Amino acid sequence: LTPQDLEGLAPLYALGALDGDDLARFSEELQGSESLRALVREYRDATAALPLSLEPLAPSPAGKGRLLDSVATPAQRSAPVFTRVFWAAAALLLAVALLRSLSAPPELPGMDLRGDRPAPSARGRIVWRARSVELTLTGLPALPPGQVYQLWHVGPAPRPVPVALFSVDADGRAQAWATLKYAVEKGDGFAVTREPAGGSPTCTLPLFVVPAP
Amino acid sequence: VLQGAFTRLWREAGRYEASGGSPRTWILSGIRNGAIDRLRRREALQPAATRSAGRAPGPPETPHAHEAHDPSAKERERLAGAVSDLPADQRQAVEMAYFEGLSQTQIAQRLGEPLGTVKTRVRLGMDRLRKALSAPSGGAP
Chain L
1041 LTPQDLEGLA PLYALGALDG DDLARFSEEL QGSESLRALV REYRDATAAL PLSLEPLAPS
1101 PAGKGRLLDS VATPAQRSAP VFTRVFWAAA ALLLAVALLR SLSAPPELPG MDLRGDRPAP
1161 SARGRIVWRA RSVELTLTGL PALPPGQVYQ LWHVGPAPRP VPVALFSVDA DGRAQAWATL
1221 KYAVEKGDGF AVTREPAGGS PTCTLPLFVV PAP
Chain W
372 VLQGAFTRLW REAGRYEASG GSPRTWILSG IRNGAIDRLR RREALQPAAT RSAGRAPGPP
432 ETPHAHEAHD PSAKERERLA GAVSDLPADQ RQAVEMAYFE GLSQTQIAQR LGEPLGTVKT
492 RVRLGMDRLR KALSAPSGGA P
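Taken in order, these protein sequences are the chains called L and W. Start counting the first sequence at 1041; every next residue gets the next number (my numbering). Start counting the second sequence at 372; every next residue gets the next number (my numbering).
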């Protein structure tokens, strides 16, 4: 691996996303390179932006009480209480948001979707909790190479807000999971368009999927 | 999950090493890893058809409840801006790795994109976040 290759793998390693031969070779190189370890530290610190950017969720009073009871051992206190509580609160927000994003009870609020003119047989549903959404669609046409479907959140901003990119399988089915920039409010909608690979910052017409009436 | 993770962090605080990253990163990584491990174990025990059913309800949530008293609200706004400013494809790949614990290969499979494309998206996205976080915040926390 060249130094450029290693630098390119550092962010994936910091996220825990490296696997296979890439992981084995990078781990080996990491042992002997202080500069590479420093780069990984920088990327790891950058990952803090992801949980801390989420909409905060307050813990239940009962859960907070149980937590404080469980750590009320004076001998363990080795740092200022304020610091610990502050970061604990930040981490608590992360964990709740994480669980919310990955746990999807069936009674979640959601919206039925239907295909528009370019994809009249498309049907589907999008469900959400806090700022996590899961999209399920069927009946979408396959796209030519170099194009992807893009999900948009319509309503919270003057222009549709890009949410996620996805493709369809051979049967025209698609699923996508994403984190919204804005919470879903009454009157909001979702739409799907066809965009160039990599997605677009602004929505391109025509709409393939729109909210069902 | 939360109680176990925080208790572990509290009791293992002495093991923190600055060479591995900031205290904030260390704590958040511990919580994230614990939550993902728990969910993976839970999914491994459940048939696919019932994975989304029967989950225990989480603690009551009150969005915005403490926002007015949160001293880090301004900083969070800055971080949220850095994340939301990422191009959609880069943000999606980075979030799939972080929040869902997916590997580069799993992300490529789910998105139906070549592995090299996923690597590039993650690298570009993380580069942007790293630069955004190293910039002055413009205000006291």
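Check before you lean on any hint, since a few could be wrong.
What the hints assert, rightly or not - Below, in silico cross-link-like pairs of lysine-lysine (DSS-like), each with a Cα-Cα straight-line distance of 30 Å or less: (1) L:Lys1104 - W:Lys445; (2) L:Lys1221 - L:Lys1104; (3) L:Lys1221 - W:Lys502; (4) W:Lys502 - W:Lys445.
No lab work stands behind these hints, which were simulated from the structure alone. Values in this document were obtained by computation on a predicted structure and should not be read as measured data.
Are any of the numbered hints broken by this structure? If so, which, sorted upward?
Of the numbered hints, all hold.
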